[in-house]
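One letter stands for each residue in the lines below.
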Amino acid sequence: MTDHDSPTGPHDEGMGTGPGVASGPVVLKVRGLSKTYTTKRLIGSGKGYQALLNMSLDLRAGEILGVVGESGCGKSTLGKVIAGVETTATGSAEVGGQPLDLALGTRSRDQRRQVQFVYQSPRGSFNPARRVGAALRYNARLAREVTGEPVEGSLERAVTSVGLGMQHLDRYPHELSGGQLQRLSIGRALITRPDIVFLDEPTSSLDVSIRGEILNLLTGLRGSMGLSMILVSHDLDVISYVADRILVIYLGQIVEEGTASDIVARPAHPYTRALLTASSLPDPAEPLELAVDVRDASVVPTGCRLAPRCPLAEGRCSEPQHLVASDGRSVRCWKAESAL
Amino acid sequence: MGEVVSLSGARIRIDRKGLPPLYPVQNVDLSVGAGDRTALVGESGCGKSLTARLLTGLLPRNAVLEKGSATLLGQFDLRKDFPDGVRGRRVAMIFQDPVSVLDPMAGVGTQIGRALAAAGVARADRSRVAVDLLGSLHIPAPDEVARKYPHQLSGGMCQRVAIAMALAPKPDLLIADEPTTSLDVTTEVQVLDLLEEYLDSSGASLILISHDLNVVKRLAGSVTVMYAGQSVEYGPITDILSEPAHPYSRDLVRSSVLNRGESAYSIAGTLPSIEEVMPTCPYRSRCSEARSPCSDTVLGQSPSAGGFVRCLFPVKPMHGNGDWKPE
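The listed protein sequences correspond, in order, to chains A and B.
Everything in the first sequence is counted per my numbering, starting at 36 for the first residue and increasing by one.
Everything in the second sequence is counted per my numbering, starting at 46 for the first residue and increasing by one.
Keep in mind the hints are simulated off the structure, nothing from the lab.
This structure is a prediction, so every number in the text was calculated from the model and none was measured.
Just so you know, even glycine gets a beta-carbon here, dropped at the ideal spot from N, CA and C.
Keep in mind that a hint or two might mislead.
[Unchecked claim] The following label-pair restraints were derived from C-beta to C-beta distances: (1) Thr325/B <-> Val181/A: 47 to 55 Å; (2) Gly80/B <-> Ser240/A: 32 to 40 Å; (3) Ala350/B <-> Ser240/A: 56 to 64 Å; (4) Ser89/B <-> Ala138/A: 36 to 44 Å; (5) Met260/A <-> Ser308/B: 12 to 20 Å; (6) Gly258/A <-> Ser89/B: 26 to 34 Å; (7) Asp60/B <-> Ser240/A: 26 to 34 Å; (8) Gly363/A <-> Gly306/B: 18 to 26 Å.
[Unchecked claim] DSS-like cross-link-like pairs, simulated, lysine-lysine; straight-line CA separation at most 27 Å: (9) Lys193/B <-> Lys75/A; (10) Lys82/A <-> Lys115/A; (11) Lys82/A <-> Lys193/B.
Full structure from sequences and hints, please.
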């Protein structure tokens with residue numbers, strides 16, 4: 036894919052200028068990540084869908100980076116590409132200064148150990164016919180080959196760090212509650228002592244009464260282990276509660292980036308303002324509601340991707356919009372630049 | 046008409062081959078007057094969707110209303126067969142997943158036309174009325190949308206079409222089962238506004254089923270809190286959000302509020318089994334207020350301000366619930 040979006044060079048975006056709540060070293064550095072899905076056709080060439088467009092981000096040690104956006108905006112794709120479970124994307128990524136292979140199936144065992152993925156549905160991510168311990172032991176054996184840590188040792192460390200005991204490993208998924216399963220699913224990710232854990236909507240399939248349990252666990256793990264996490268959600272309430280920094284994504288592009296408190300207090304991009312208006316958080320100073328979305332998903336506007344729904348759109352919005360950074364905030368909207 | 050829905054002590058039994066029966070709805074009281082907007086709130090497995098299915102005659106074949114009384118539209122006894130010509134005309138339902146509600150093989154306009162046919166609209170008028178309906182739901186270029194198929198539309202647009210179909214016969218009672226759960230938040234607001242517009246203009250009654258208190262407070266005037274198949278509290282929405290009387294209502298409200306920098310609240314423990322009917326309090330094993338009488342006292346309702354609560358030790362009015370200010 037060409038870099039038509041970014042005339043000032045491929046890597047002008049979201050360069051992690053964030054005023055670190057966590058000011059530790061950068062553990063994950065992603066530059067110019069693009070991903071196009073192509074639908075296969077019997078005759079002729081398929082349609083392409085740009086799930087990610089020239090996305091760049093930095094994740095610092097001990098930081099929780101929240102990624103918020105609506106369904107289809109590319110937030111899960113971002114995680115799958117970083118975790119190496121999704122097909123080839125273009126761009127570059129580094130973990131701890133070492134390049135991370137973005138092609139599918141080419142990562143070394145150690146590279147796979149570094150980035151772990153936690154899926155949305157804990158029920159769907161455990162084999163219902165096997166005890167949950169089997170899934171964790173599989174990871175523990177892989178980890179042993181790289182780290183040399185004995186299987187039982189890494190299992191015990193993982194289950195205790197998520198507040199469960201070894202006896203839970205002998206149960207079948209249906210014998211555990213959704214909250215316990217999600218804890219185990221996070222524990223499974225911790226077995227390999229990962230540098231980065233990517234959590235894809237970790238609370239959205241749980242009841243609200245146990246959501247707090249998982250959110251507390253995540254903030255606790257950040258405190259106790261200095262774990263770096265990317266947390267994806269469509270729910271700005273959850274993101275603003277748990278994240279240090281927030282990336283707002285719309286149709287595969289970062290539209291706004293900044294610290295969580297700053298974004299909630301003074302959202303600049305119209306899409307962020309609309310998200311805040313719709314959430315249960317206090318309304319922004321200038322509430323905004325988007326127009327009905329009638330887009331054909333395969334046709335992407337050349338300029339601002341939000342323009343067809345944005346009540347503030349003007350002629351200039353049909354030109355490509357660039358992510359403009361200033362003092363830890365970035366925004367992709369020429370009308371909002373002055374707000375920075 | 047008086048009461049649109051009246052449920053009293055409703056219990057639903059689901060029979061299973063070779064296994065003990067389940068009682069997902071054990072003791073539900075619900076009363077909806079003409080023009081009321083009420084909500085059923087509770088977590089997954091609390092019986093709220095099955096209650097809605099009882100009211101629309103869509104219970105699974107192996108489920109039966111075993112106990113209690115249920116009257117619909119003031120005249121139909123739901124212990125008998127579901128009356129003809131009610132569902133889809135006088136009582137309409139909006140489901141959670143709009144994409145699976147719509148027929149993938151038929152154009153949107155055609156599908157709305159079918160709903161209009163059921164509502165008795167003459168064939169010649171159907172396509173015009175269908176387009177008008179889509180237009181009234183603020184869909185841009187409704188005549189173009191009417192020619193499209195569901196897969197060509199976004200989730201929010203499909204839900205608008207499903208709403209158009211539900212509203213086509215101008216129902217007296219609208220049952221919305223998690224109408225916005227599968228939608229994006231920015232679309233959610235728009236869909237809730239549409240429902241409100243219809244209710245304002247038609248005076249129809251609403252039963253809104255949701256696990257999300259934020260959605261509920263936008264639309265409903267009153268709310269029934271359900272737990273493990275029982276209606277544990279009923280009252281005006283503002284009271285239940287600001288001064289819940291049942292410990293479960295209080296804990297549910299608490300856990301839905303996230304304040305940055307403070308520990309998030311969650312309810313420890315798990316739901317009780319629904320393999321037996323529990324005449325005592327189902328929440329007692331997780332309840333911070335539970336005392337010894339809770340485990341052997343059969344619960345009745347105690348009246349509370351404008352509603353009822355099913356608890357021996359209702360919690361005192363609480364204040365300072367974060368964002369849950371009465372509107």
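Violated hints - listed by number, lowest first: 3
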